[in-house]
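Undergrad: Protein chains in written order, with this note's numbering: chain A, 1 to 649; chain B, 1 to 515.
Since the hints were derived computationally from the structure, they do not count as laboratory data.
Quick caveat, the model's predicted, so the values are computed rather than measured.
No residue lacks a Cβ here, since even glycine has one placed at the ideal position from N, Cα and C.
Zero decoy hints are in this set.
For the chain A half of the interface with chain B, some residues (derived, Cβ under 10 Å), not all of them:
#1 Gly617
#2 Arg620
#3 Leu627
#4 Val631
#5 Leu640
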Amino acid sequence: MTHELLGYIALFAPFVAACVITLFTLRSKATSGGIALAGIVAALVATVLIAVDVFPAEPTTAAYEIEWLAVGGVTIPFGIQIDALSILMSLIVTGVGSCIFLYSTGYMKGEDGYSRYFACLSLFAFSMQGIVFSTNLVQTFMFWELVGVSSYALIGYYFHKPAAVDAGKKAFLTNRIGDFGMTVGILLLFYTLVQASETISGVTASFTFDHIRAIYQDEAIWTQLVQSHETALMWAGLLIFTGAVAKSAQVPLHVWLPDAMEGPTPVSALMHAATMVAAGVYLVARTYFLFAQFEMALHIIAWMGGITALLAAAMAFVQHDIKKVLAYSTLSQLGYMTMALGLLSPVAAMFHLTTHACFKALLFLGSGSVIHGCHHEQDMRQMGGLIKKMPITAWTFWIGTLALAGIFPLAGFWSKDAILSAASLENTWLYGIGVLVALMTAAYMGRCCILTFHGEYRGHAKPHESPATMTIPLVILAVASLFAGLINLPKGFFGRETGGWLEHALVGSAAAPSWSAGLPVEEFHPWVAVWGTVAALAGIVLAVAFYGKRWVSIDRFVSAIKPLHTLLERKYFFDDAYLWLVREVQQRFARLCDFVEVYILRWLVDTVGALHRWVGGQVRLILDGHLHRYVTVALVGAVLILSYVLVGV
Amino acid sequence: MNLTLLLPEIIVIVGGLAVMLRDLWLPADRKDGLWAWALAVPLIALAATFLPQLDVAARISVDGAMIVNPEATALSGSFYLDGMSMLLKRAFCVAAALVILMSREYLSELNRGQGEFWSLALFALSGMFFCASANDFMSLFVALEVVTVSFFVLVAFKRSSGTSIEAGLKLLVMGSLSAALMLYGIAFVYGASGTVFFDQVVVNGEVTRTGLRDLLATGQLVYSTELLIGVMLIFLGLGFKTSAVPLHVWVPDVYQGAPTPVTAYLSVGSKLAGFVLMLRVLEVFSRSGPMVDSLTPFLALVAAVTLFYGNLGALPQSNIKRLLGYSSIGQCGYILLGIASAWTVGISGTLFYMTAYVVTNLAAFAVVILVSRATNSHEIDDYSGLGRKNPLLAAALTVALLSLAGVPPFIGFFGKFMLIGSTFGSDELRWLGLVGMVNVVIALYYYLCVIKRIYMREERHPAKSVVPLRLKVVLAISMAALVIGGIAPQFLADKTAEIAEELQFAPRPRGGEHR
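Isolated chain A, as found in the complex:
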């Protein structure tokens, strides 16, 4: 089968599953689960079939497009972009997705709306695949919005719980802010290209990635373009980046992600490990040519990532809900990826995205298994000692933790090392932040593991190991978390001559020329690795000191840093600030609009309507049933019309 056909299968298989479930099998739970699983596995198989062709070959890119809309002189295609970047991302989405779908069949057993869950999940997978395979900005934006809608449905899955509904709304609205920026960015980019096309030969306006990239990378055109439109192009890039800021939950649009934990745990795993939040990073990687030339833009991106990583890691310490810890950890890791993007290291970002997808999905599913085993208890203070009751969950969770902390030789070590290496070369401050965050990561994850699995059991339920449908995905993901780092062993590691496999596959793909232009090939820096490992180990030691052995009293420590602790508990007052903004500013403006609407516009509209009704009532009276009057009306009318025309002529 051709790549095009396989690509379309990988894209549409989950969509077909969603449609079939919605239309036919809502009543039958087992069938719905099976269909959803079949859809995502079909997408996985199709992706793997393309991958075995694409990865060994020399990096190329191919866009298979059909004309979708033609407005004026502009055509907007719909198509499939096949290159290493999209296939890697699709492998993550469908691979991790398959594990999560399988896990869900066990986890969601007995829930009302089981079929609805799988329909939404499939729709979500379809939306995500749409972003992955998109060939142009419009298609990306369309699926970007679809991701927003389907994530809304999934986060608010327990719609009888007000908290879940609020969380869904919050996620949707926060994302809308980013999407708005993105829309403006896309339009600004297009508009700028239209303007440029009038003066600079060789420039034509388009939404297609390949097309725009060709313009950006043609040196002769680029020099002219940058002279006349530098500011507009930079702002276009940054505005498109705001879409990524919201989806990938960067400060200050990160507020939706912790709340989104109200959704079912597999949803958290899917959205916050492998897919939705990764979409932002993927978008920037895909459109890297938009940023690569602007130092200012890269600085903003890098610092935004670094700050997010630090702030989120700190907040993870004060959480008691096991899923919230993972949520803040996700924020922090996404900060890492964004930072890597800003540090001219998109390969490192995609590498970390890949490994993170494995171990974060593992951790989320592990936490789901714990929650399931403890009868829907999420508070870590009500856990402890679970390693004896649920050994598979505990061991796999520990593997995930060590991978996340970046312990050699697990997956997280390699990808984090790649980011820290990039930072050490580009920006010392950010390097410092990176190492600090590595320490904090290890510490809060150690805290989480110790509180959950060690010590005495503090809860009241009877914990038990989860069924095989849930533990099998855990084992698969644990294996992946152990070895995923091997895909990109750095140059210089034990005398390696070349860069990693992933680096080779990605550089040369669709976004490649812009990536490679002046981008450093990742090299192994022994000291960076050593400091990263030391930081991670130190973090774990701290966790043991505070929570395992209790050498230091937590209460005393907390009271010593009371203001900081409050700051963290209140999430740096972000939510309060936004609430104030909505209540005090937006609400006042809304009342003003309401006043105008009710007392001015409605009056105007009602008057127009009433006038018409009155005239209508009068018109009706002409025809009152008397035939003689009808004849009169007809004849007089005829005479009037004839004389009007004749006089007029």
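Assemble chain B onto chain A, guided by the hints.
TA: Relative to chain A, chain B alone:
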């Protein structure tokens, strides 16, 4: 004489007579089966229109000028078969077939007169056929009267009902008045030109009979006030059929009083017969530039007044048939708007809208018939709760009304779009396009009021309508046409554009940019 061209007409007339005779031989208790005979006639006629023998080029090129092909005429040039007449004949066949499917239930309540009803419906159909092909003022008048006279009887068919008789009488009086106006107009035209024929007849290179098309094209007949008065009077007379102001006065009463299937038939068949004749007459006189320049403001004025009259009058109505009556006056205004902008896009839009109007209006009336059978009422209030009680009927009526209102993605939207769009091609008529837009909004209000009752009010009549198979067929066909025509209007639009091209409305309105 080329009688092959008349095959559809012959089929319908013979069919009508056959049904009448068959009726005489059937015992009283078996007359119910007669509807199938009646239904067969328009279907066979429809099939006949697709015969290759009828596919004759309507125009031929002689010395660089496109003239009427004598091969496409019959009955000494009084009968003309071109793309427009063919399209309309097919539309009439569909309309008659759908109406016959709808009438069966109504007639079984009537006990007697079934045969006459079917025959009259078919005779009316033959009249419409001849209207579509009329090629001189005499055949035009006779064809029109065949339709009108058949409808006098059909409207008054429910002899036990006072309103039905009253409606028939009103139609008769107003019909006579309009016939008088039209004949007066024909007399004016004859006086000014000396002929009532559209085409000349040439025997052995010698003109044995002069025709208006040729007189106007060669400049032998020029603009004169008498000619203008004559044509305007003819248009006013035709306006009776199409329910244009000021001869629309009969519409609400007759629509309300007539048996509902007859109202449905009247609202599409009779109306389209009037429109096709308007187009024909306009086409003939469009060969003279000054005539078009004087007729355009006249048609525009009639269109605007008709639009406002129909749509404003519909606002306070409480009876669905009366509402549809006023709505049909409004719809007439839209088609007139296209006729007034008589250049290619306008005519194409007009033909498109006329075709779309057949299925749309018939769908609405089919639902009205079914609902009134269950509730015994035509009050709009009695449609409350239809959405819950009878979701399929409610959906069908909603789709039909939305299409009438011109809401995408239904076929009516594209019709209105083309009609209003055509007026924006000329500076002179732009105001008319704005009038059309304002009226879209007004019309939307009263259509939505019905839809609101259907879905947002508590039901008043628990009786659920039983939908017989025949009406299911009607609804299925019309719904399919509404939706498919709305999603893929190109098929029909291409066809109507081709016909409009063939009609050759030679002069363009002043100041307009020809597209």
